[in-house]
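The opening residue of the sequence shown carries number 83 in the numbering used here; numbering runs sequentially from there.
FYI, nobody ran anything at the bench for these hints, they're computed from the structure.
Please note that the accuracy of each hint is not assured.
Calculated pairs, BS3-like style, for lysine-lysine (alpha carbon to alpha carbon, straight line, at most 27 Å) [unchecked claim]:
| no. | residue 1 | residue 2 |
| --- | --- | --- |
| 1 | Lys243 | Lys432 |
| 2 | Lys432 | Lys321 |
| 3 | Lys116 | Lys223 |
| 4 | Lys243 | Lys321 |
| 5 | Lys116 | Lys321 |
Bear in mind the structure is a predicted one, so any value in this text is a computation, not a measurement.
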Amino acid sequence: MDNPFPSGLIRPTGSALGILTGVGGNVDFIDQNKGAPRVQQYAVDVQRQLPGEMALSIGYMGSTGHDIGYGGFTNTGIEINQIDPTTLPKDANGRWDAAALRRSVPNPFFGVPGTGELGASPTILAGQLLRPFPQFNNITKFQTTEGGRRQYHALIFKLEKRTTRVWGGQFNYTWSRMMDNQWGQFSTFGSGLPAPAGGGTGGVPQNYYDLDAEYSVSTIDIPHRVVLAPIVRIPGPAKGSIAYWFLGGWMASAVVEFANGPPISAYVTNLSAANLGLFNGLQRPNLTGQPVQTTGDALDRIATADHPSAAWISAAGYANPGVGAYGNARRTDGNNRYEFRQNTDAVFTKAFDIGRGQSGEARFEILNLTNTPKFGGANTDISSSAFGLITTTRGFSRILQLSFRYKF
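Put together the whole structure using the sequences plus the hints.
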């Protein structure tokens with residue numbers, strides 16, 4: 083590459099241009115008026131001691147969040163230079179003319195010094211001139227909190243047995259519901275979020291002027307989770323014998339988890355720009371009333387080399403809303419989810435008392451004992467030929483770890 087910057091480098095202008103700084107290009111800024119997020123947490127539980135060194139606990143836990151970030155754990159930006167669809171004329175069906183917004187018209191910025199890429203062509207898209215700040219492309223506000231909200235409710239059952247001579251452990255079941263409008267929140271086992279046009283991370287809402295319409299089941303909602311954690315002292319030879327050093331004193335423990343997959347989402351990603359013409363926003367599809375999920379065994383619905391067309395989501399469940407309208411599908415569909423996940427980790431440990439203040443421990447760990455695969459989300463663009471296909475895995479296969487520790 084002889085000349086990686088044929089147009090030259092853009093020199094920083096500082097504050098010399100005032101409000102004209104960045105004209106003709108994209109502008110990113112931090113929300114200077116952001117407030118502190120507010121979260122209220124509350125809980126109550128009842129415990130009952132049972133025979134056999136056991137205890138039962140039943141409790142409720144809740145959390146209410148206001149003015150929290152729209153991206154959850156991601157630095158999601160808000161595009162403030164999208165065209166407001168409420169300002170556009172509509173036909174009898176309530177649709178605006180998206181094609182007219184993408185029609186080329188004479189460019190008033192053409193040849194004007196300092197207008198960057200907006201002034202490079204004699205024509206410009208008509209919609210660009212209807213943006214709130216037509217002299218800029220995308221204007222993205224980061225770290226804003228106003229309007230972000232979340233509500234969490236959980237009912238928790240816990241049965242615990244104190245570890246005695248032979249065994250102990252815990253059983254936990256959580257029945258919960260999480261709702262939010264954090265459209266930039268990402269789930270490891272869910273669908274990937276389409277990238278914002280203005281840069282940054284996280285997803286894209288359908289309409290930046292109606293972010294409360296994003297309020298739906300959270301992408302990290304797990305309504306049912308069961309965790310079983312037994313501990314067993316393995317019988318062996320009596321202490322003091324040579325055999326005890328190798329076969330005695332072992333303890334086995336495990337953590338077995340079963341959990342719901344995240345809710346399904348769907349978008350009209352590749353056609354959003356043409357369908358909406360608003361210079362941002364990600365159109366969602368219409369629901370047809372047909373089943374959203376395919377049927378069959380979970381593994382038979384994963385795309386593989388032997389079954390490349392196997393799909394988790396059915397295209398018949400969605401329809402393209404067309405131009406000049408938003409789809410009626412919610413941001414997430416809590417009634418249709420990805421696979422119910424299960425994972426088992428096991429640990430075997432043995433402690434050695436060497437004497438004179440010295441001790442040791444042998445530890446053998448097996449992560450993902452059953453070597454069960456965990457899959458990512460499906461392609462969620464209904465305009466894609468790969469819609470509904472799951473082609474990625476998450477997590478890891480079985481891992482064996484052997485360690486020794488000596489203390490003195």
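Any hints this thing doesn't respect? Which numbers, in order? Failing hint: just 5.
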